[in-house]
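Please arrange chains B and C on chain A, whose structure you already have, making use of the hints.
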Amino acid sequence: MSRAEKKKKLAVYTATGCRACEQALLDLNYEVNDLSRFAEIVFWPYILGSTWAALDETEVDVAFFAGAIRTAADRQAALKLREKSRLLVAVGACAAFGGLPGLANLAAPAPEVPGAARSNGEPALPGIEPRVSALSLIVPVDYVVPGCVPTQNLLWAAMLALVCQGASPARLSYAAARLPAALAEAIAAGVLPPRGSTFAGEKSVCASCSRIKEEKKFGTCKRPYQEYQETGRCLLEQGVICQGVATQEGCGGLCTGVGIPCRGCFGKAPAIFDPGAKMVSAISSTFDSSNPQEIAALVENFVDLAGTFYRYVLPSQCALLVTPSKVEKDADDNL
Amino acid sequence: MQTITFDSLRWQEQPARVTITVNGGPPQVYFQRIAPREVAALCQGRPVEELPRILAILSPAHHLCAARALDRLFGVEPPPLALNMREALRQALFYRHHLQKFYFLLTSLENPFMDFWSSEARRGLHTIPHQLFDDLRRHVSLAQEAAGILGGRADHPVTAVAGGVSRYLKEDNYPRLAEIAAACRNYGLRLAEFLREEVLAEGKMADLLELATVPLATLALGPEPDSLILRDVAGQETARFAAAALFEKIGLHHETWTYEPFAFLRDKGWKDLGAEPMDSLFFVGPLARLNNGAPLAAPLAEAERQRLIAALGPFPHFSVAAAYWALLVELLEAAEHLVVLCEVEKLTGPALRTIPAGPGRAGHAALEAPEGLIYHHFQADEHGLVREAQVLEAATENNGLFGLLTRQTVEAALARKQPWEETKERIELSLLPF
Amino acid sequence: MSDFEPKIIAFLCNWCSYVAADAAGVSRFVQKPNVRVIRVACSGMVDPSYILKAFAQGADGVLVGGCWPGDCHYIAGNHKAMRRAPLLKKLLSEMGVEEGRFRLQWIAASEPGPYAKTINEMTEVIRKLGPFPLKRSAA
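Protein chains in written order, with this note's numbering: chain A, 1 to 335; chain B, 1 to 434; chain C, 1 to 139.
Looking at chain A on its own, in the form it has when it is part of the complex:
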């Protein structure tokens, strides 16, 4: 087989979100390894101006899909790329979980935007769906690379696993990426990892966070604008809400490392059923009181729980919003 024939055909697309995930993929091309050695990019509207019509003429081996599903055009794109691609990868928090656009589901419903063309000749706009969705709620997704923005090493791990399949010489430090053993071994062996794998770590961010963890007991609640130690002690122990305890690791504790509490952009840790429930449990178990009035006063300090605990994951990881069948599947794994 010639080298050209061995190359995998790639597609890259963003629905509703931003361009940071595509930027991260572009960075791989230049900072890690030249994609053209093992891939042929057949569809990348942002960089190559590829049209949907052109996609009809070709096949796709691996599609990297970023962005949340907000409009009818996003849904059509998801269906089309699922149909066309052998492997569909949800890249970034928006595609994986709904991302920040998912917060719109907490706000009052958007005003109706009709999708049909107007009679005066003005062109139509793709209509807004009643709720923001993650890619996995629309089509089956083969692999997930979470994060807002996904880190270079995890994105490269996905590229190595799904596109290079052992063919690239640029190696990756698995310890740095904290990939689970099964995933790392598949990459090293050049075979596809188990379908449904998430390119992230096995535990919660606390496992990668460099801060010092002592005892979790505090009687205060601090908003991030108040005073706290920017390095050293665990943020949650200082009274600042940090969601590392409920979030899947893989970023290396990026935000906590620069003094900012985690907001869960990698999605819930695998062992957790619902990140909101986990945070309620984690925070309330630190309350140093058994007096109902004192506890009620403490709870007053915690604001916007839904918007904070489900900041990046509302459409797909809030248990209250997902059908029983999906919940049952998670339940068998987690509870």
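If you're looking for bench data, these hints aren't it; they were derived computationally from the structure.
Among the hints, a few may not be true.
What the hints assert, rightly or not - Quick list of in silico lysine-lysine cross-link-like pairs, BS3-like style, CA-CA up to 30 Å:
id, chain 1, residue 1, chain 2, residue 2
1, A, Lys80, C, Lys135
2, A, Lys203, C, Lys90
3, C, Lys89, A, Lys213
4, C, Lys128, C, Lys89
5, C, Lys90, A, Lys216
6, A, Lys80, A, Lys203
7, C, Lys32, A, Lys217
8, C, Lys32, C, Lys90
9, B, Lys249, B, Lys268
10, A, Lys222, C, Lys89
What the hints assert, rightly or not - Stretch by stretch, here's where chain B covers chain A in the computed footprint (C-beta under 8 Å, at least three residues):
id, stretch
11, 68-76
12, 94-104
13, 122-135
14, 227-234
15, 268-282
16, 294-307
Quick caveat, the model's predicted, so the values are computed rather than measured.
Here a beta-carbon is modelled for each residue, glycine too, at the ideal position from N, C-alpha and C.
For chains B and C alone, coordinates are given in the frame of chain A:
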């Protein structure tokens, strides 16, 4: 009647398409943004101190603008170290943003993902040597590294917070930042030489000079703190006002065929695109900033600005070619500012942030982002939750310009009987530098 | 709406509230049939995720029954439940789940009457509120 749709325009931060209907007479041309932003919905009810992180998804500079607005809302002034770190981050973002645009420009000449090692490629002649792409991206990567050191990450930065920044730099960051700044400045000079030879004058892209020109008013930050200056198409100042009054001067007009509103000047009232005179629109960005005609403090950038004037005439300018050149001038300026800022004395200090007593009710900030002037206005309730967040993006302010540039390009293409594929490319090249 | 029968899941602690429920049955207290009981060792072992899972799987209301403070078989397990409840209620209400759907109630082993009263009251409150309000996405 013929309807032509350009599906996805290259290089647009938000998904965009162009729909053209031709029915014998002049074409109807629509530049459409097909995904909604919904900033207000994302911010409503959030703790106000979370806004810098949430709004960072609009563009990295929005992170800085939100932090500045929070400084006002919390009634604190950040310590000098924090102001310097934020400013250094802003300059790194400028460099990266502008350099990225030149990358995109080069990809119009050569597929950047072509297999440069294949025998076909090695036999053929390259318009753009692979080394050039590599070199350029390597410096984008350096700028991103600097932004990462200062901001936590280049895309979606996190370190700017109410009252300051969230973390001191580490020992080995200082020499690295200085190294990066020097490398960026040196590369800026090399790139300038290449662009002047190949792109801006005669050369591979001489027809850049034939692309659209749309004279409009411009809006930019003034020299006094928190002031904005509006200039007319002759470059003369027509209004100077405090940033806090921005939404009194500027309104937003909505059309049903695009998700992006149009910013317009209230005292002229909204006029449909194409109506004459087109004096209710304005634009922002590198060219808008340089249209104040003032010399720049940074010497290399000023020299480049003089070259622009020598080649294209004095400011103000409105052509696409001038817009590309303006990017180059600002690229050099950003590198020079970065060199000055990335000194140990500037980036060390006893305090990281000023701790506020508690949230106030309102805060605002205007900031020159790489893409143009941006503005935030937040209102909070008694719990410090967002009651209302108004965010003005460069894309909204330039929406009118984009519509007019697209229309002009299509009209010229029809007059020349150009194939639609070429027209799409010319539209993309016209919109890129703004 | 008139034929809507609320489905209530009741997590009852083994040592007090489950005994009360059992006694209520044996003593022939009139009880609405809307409750499904899950016996747990202690109200303190009811993780907030159980409550969310119950709602996710079709419950219209969730009751957690525990011993009165001071009476917990495991000393302070019910204190843990007491600490969780207000924060969980706040989260639920922000998500649009109305007040009254989730209830933490202390019920002693000797209180079959109050147990029956609790579940009867809760059934009617939820009948008025209607089915669980959140629409779930298809998986």
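Each hint tested on the structure:
1. A:Lys80 to C:Lys135: 26 Å, holds
2. A:Lys203 to C:Lys90: The hint holds at about 28 Å.
3. C:Lys89 to A:Lys213: Cα-Cα ~29 Å, so holds.
4. C:Lys128 to C:Lys89: 19 Å, holds
5. C:Lys90 to A:Lys216: Holds - the C-alpha atoms of Lys216 of chain A and Lys90 of chain C are around 22 Å apart, at most 30 Å.
6. A:Lys80 to A:Lys203: 34 Å, violated
7. C:Lys32 to A:Lys217: 42 Å, violated
8. C:Lys32 to C:Lys90: 28 Å, holds
9. B:Lys249 to B:Lys268: Satisfied, since the Cα-Cα distance of roughly 10 Å is no more than 30 Å.
10. A:Lys222 to C:Lys89: Within the cut-off at roughly 21 Å; holds.
11. 68-76: holds (count 4)
12. 94-104: holds (count 4)
13. 122-135: With 6 residues in contact (Cβ-Cβ under 8 Å with chain B), the coverage given for the stretch 122-135 of chain A holds.
14. 227-234: This one holds; 3 residues, not fewer than the three required, reach chain B with a Cβ under 8 Å.
15. 268-282: It is violated, with 0 qualifying residues against the three required.
16. 294-307: holds (count 3)
Going through the hint list in order, the structure does not satisfy hints 6, 7 and 15.
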